[in-house]
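Undergrad: My numbering puts the first residue of the sequence shown at -2, with every later residue one more than the last.
Hint data in this document are derived by calculation from the structure and do not stem from the laboratory. For every residue, glycine included, the Cβ atom is placed at its ideal position computed from N, Cα and C. Treat each hint with caution, since some may be false.
Stated by the list, open to error - With a Cα cut of at most 16 Å, we get these calculated EDC-like pairs of lysine to aspartate or glutamate:
1) K294 with D245
2) K216 with D245
3) K216 with D145
Said to hold, decoys possible - Restraint ranges, calculated between C-beta atoms of paired labels, are given here:
4) R377 with G351: 16 to 22 Å
5) A219 with P177: 43 to 49 Å
6) Q264 with D115: 22 to 28 Å
7) K187 with T350: 47 to 53 Å
8) G351 with R72: 27 to 33 Å
9) E257 with A211: 35 to 41 Å
10) R72 with R24: 15 to 21 Å
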Amino acid sequence: MSADLVITNARIIGRKDEITGGSLAVRDGVIVDIGTGPSAIRSAEDFDGDYLLPGLVELHTDNLEKHFAPRPGVRWPARLAVINHDAQVAAAGITTVMDAVAVGDVREGSVRLQILRDMIAAIEAAQKGGMLRAEHLLHLRCEISFRDLMELIEPMSSLSWLKLVSIMDHTPGQRQFVNPEKYRQYYQGKFGLTDEQMETFMAEQIANAQAWGAENRRKVVALCHAKGLPLASHDDATAEHVAEAAADRMVVAEFPTTHEAAKLSRQHGMKVMMGGPNVVRGGSHSGNISARSLAEKGQLDIISSDYVPSSMLQSVFLLPGQLPQITLPQAVAMASSNPADAVGLTDRGAIETGKRADLLRISMIDETPVVRAVWRGGRRVM
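Work out the full structure: start from the sequences and follow the hints.
TA: Shown next, in the form of structure tokens:
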């Protein structure tokens, strides 16, 4: 039986090993054969020694927001924003993307709240209309101190393409902002507040957390358990945070801020996720732990692009070059099979027979990985 796509002379990166000069065949959108030598089929696509990687699987990116609101006070047409975002993630080698949409915020009437429903509706419409290259799934980021959180999340919880929910608490003195001075620097600069306004803002955030945080967390967790939705913690810093996440049966620890939290999260069976920008830059932009240091200790499972789509692929090739204990297949898994498996997307994320043919052709030029071609489900999309 003939194949729909045959690739030859490729450096194939599997879960645990590499094949140099290998071949691969795809039929009906699925990988049906992997060969250790070149293909004899004349019409095969010759990779000329380029890398063949699985399409990357992204669990957390807020890149979409930047396309909806490219400048303060500017709103871009919703469907165009989604299409532009999609083109950017596909060009970065991401074939499955969970658009991380904030539900609730630290400020009433914020841009995030204003564009929330428009973002979700536009993604859904663009995907149904066949306008997108990558497959887009939904990740709801729940700010538990937000008073009206449940009113927002409950209608969205039945969406068939909702695949992950995370719990966030951006309160002064908590998690990412254990040091209140870091909180002050971040939000005072972000919102342009005077010292007096900042004091009022911080007091309001603490009051909101005390009034709504614990109750909203319980309700979100219960809702997700009832719906069978995977849960992720966010910015865990202490043993208490991790114990709470474990008790709530969370499967992913997003961006733990301390080595202790990362280590304990893995001991509880959670997959530790860190941002690609952290890997590429060599540290956190907010002064928390380095993703590279976690990788060196064997405590990094998943790489997310976070706010720079191209950082996933760059991280995949950067880590083995800097940390000899990490192989390229292991690094690739951090951006493909590990995130896919963590949230139950077991049909993709690896170059194996029977898996969906989400594939990348990558050239290395001056130590920089360059995306040459992208296939999703065996169909070339770039």
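Undergrad: With reference to the structure, classify each hint as holding or not holding.
TA: Do the hints match the structure? See the list:
At roughly 26 Å between alpha-carbon atoms, K294 and D245 are farther apart than 16 Å, so this suggested pair is violated. At most 16 Å may separate the alpha-carbon atoms for a hinted pair to count; K216 and D245 meet this at roughly 11 Å. Using a Cα cut-off of 16 Å, the hinted pair K216 and D145 holds, with the two alpha carbons roughly 12 Å apart. For the pair R377 and G351, the supplied restraint of 16 to 22 Å holds, since their beta-carbon distance comes to about 21 Å.
For A219 paired with P177, a C-beta distance near 31 Å fails the hint of 43 to 49 Å. The hint said 22 to 28 Å for the Cβ distance between Q264 and D115, and at roughly 41 Å that hint is violated. At roughly 49 Å, the beta-carbon separation of K187 and T350 lies within the given 47 to 53 Å, and the hint holds. The given range of 27 to 33 Å is broken by G351 and R72, whose C-beta atoms sit roughly 44 Å from each other.
For E257 and A211, the Cβ-Cβ distance of about 23 Å falls outside the hinted range of 35 to 41 Å, so the restraint is violated. In this structure the hint that R72 and R24 lie 15 to 21 Å apart at CB is violated, the actual value being about 44 Å.
Consistency note: the structure conflicts with the earlier hints numbered 1, 5, 6, 8, 9, 10.
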